[in-house]
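Undergrad: Listed below are the residues making up each chain.
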Amino acid sequence: MTEKKDMRPPVDPLSDVSWARVERGLWARLDGATPVPAAAPRSRRWVWIALPSLAVAAVIAIVFASTVETPKPLPAPLPPVVQMPVIEDPPTRVVSGDAPSSVTVGDAHVTLDADSAVVIPRASDSTAVLERGAAWFAIAPRTGKPFVVVAGDTVVRVVGTKFRVARSEERVRVDVERGLVDVTFRGTTARLGAGQHWTSDARTADAQVIEPKPVDKQPLDKKPVVVKPDPDVDQVKFERAQALEVKNPHGAIALYLEVSKGSGKFALPSLYAAGRLAADRGEPRGRILLELYLQRAPRGANADDARIILDRLKGPSR
Amino acid sequence: MGIATEAVRAGDLALAKRAANGERAAQRELFLAQRSAVHHTLFRILGSNRDLEDLVQDAFFEIFRALPSFRGDSTLTRWCQTIATRVAYLAISRKKPPAVDLALVEESLPDGTDARHEAQIREAARRLYAALDRLDPKHRIAFALATIDGRSMAEVAALTESSTVAVKTRVWRARKDLMKRAAKDEVLKSYLTELEGGAP
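Those sequence lines, one after another, are chains R and V. Letter 134 of the first sequence, counting from 1, is numbered 435 in this note's numbering, and no numbers are missing. Letter 183 of the second sequence, counting from 1, is numbered 213 in this note's numbering, and no numbers are missing.
Derived by calculation from the structure, the hints in this document are not laboratory data. Glycine included, C-beta positions come from ideal geometry on N, C-alpha and C. The reader is advised that the hints may include incorrect statements.
Straight-line alpha carbon distances no greater than 20 Å define the calculated SDA-like cross-link-like pairs of lysine to any residue that follow [to be verified]:
(1) V:Lys47 <-> V:Thr35
(2) R:Lys562 <-> R:Val312
(3) V:Lys47 <-> R:Arg309
(4) V:Lys219 <-> R:Arg309
(5) R:Lys562 <-> V:Gln150
Footprint (simulated), chain V over chain R, 3 or more residues, beta carbon under 8 Å [said to hold, decoys possible]:
(6) 321-333
(7) 474-487
(8) 598-606
Construct the entire structure; sequences and hints are all you get.
TA: Quick look at the structure:
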């Protein structure tokens, strides 16, 4: 007799890291908000694009917090390793969806990768928080307070430059295209010039300062140029995942899964690759991913390989 | 049972008051206690964790802003889920999301998981949510909570702040639209039938 199975789709939990991000963002928003207004403001999430010229300080984006009347310091109960500066004006939270997006706030032009979120200060006080994903920051030269980006335990301070901060859970990478940035990570500061990059690994708790590449000295431009994102983002991610398979298989699987969520030509190959790699590592989800691949592409390019792997996982035949 | 419910409601009211007064420890306690329920509700309506971090945060932001109005008429969990439903409705109404990808398994699974069954369900659910993307938001939410999540009509009515009659109508309309779309998709058709317990 066959037991009736539960046909409801499983509810996938959020990871601990995701919950930590949700909680951090929530307290930051609450501390930036006023006491409850009479009418709840419409919270529009998606942020859209950008001005043709950095000379025009146009704010485009979308808010979560309502109006702020009095500035409040960040709450003590938050367990920050880095002491965040006070944000005196209501911040703007910018979230990109499936496609990269960009926004200009004050003299900062920010281009977000897909699936990224940044909290940007509205006025000249200049602390941005990279909640997840990656973003290019193009900052006009300034003489006042430096522009600051906080990403987890990492603080990046700049004075007139263009740089990229990428965050994957608690790992951060900073690339500098122009100008100078100081990167502080748990008490250690590294200064990066044009062409240099830096990365951290939160698990080891030590920052790794990458040997600088030969510096291509360029004068600081007064008008930072925005580089448009690579249109074939999926291909870049897919190739990056392939490169990561040996050194960081967990990261490679995560990247494959990210690409497989899309509908581009790399989606199915990524789904197969994630399943193959997970199966190789003995992870139970490998079987499910390969079955999913076969559901969607029973005659796909990797279908035969997927079946071979699944047969191998089932063990010797009776 | 009545005494236990009263005790729960009294506890909820006390916690809500402390959190509404800005006590961070109470806010955190509330967040930790309700986050699973809020996440579950949003997941059922939207079908995946895509964008859910933002929506969960939005929901809790609205919960904390509305806390001064919580009177203890329902449990805190039910109240939070109602707000989460509202947030989901606004998100769906504002923008048509892309086809939801329920299919991806990002966490480790317990041993003994029936991989094939799980994969079939996920694929079928992916098609279902892709079809739900095209429905009226109210119909979608009613169907997701009643049919997929298995809640009673009365409960769905409470969560969506509408009447039982309205919920029944919305579920019926959603089902009708879905069956029309499922006419060309045997997997979806069979899944809809299974979800509804075999009744045509």
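Undergrad: Checking against the hints above, which ones are violated?
TA: The structure breaks hints 3, 7 and 8; every other hint is satisfied.
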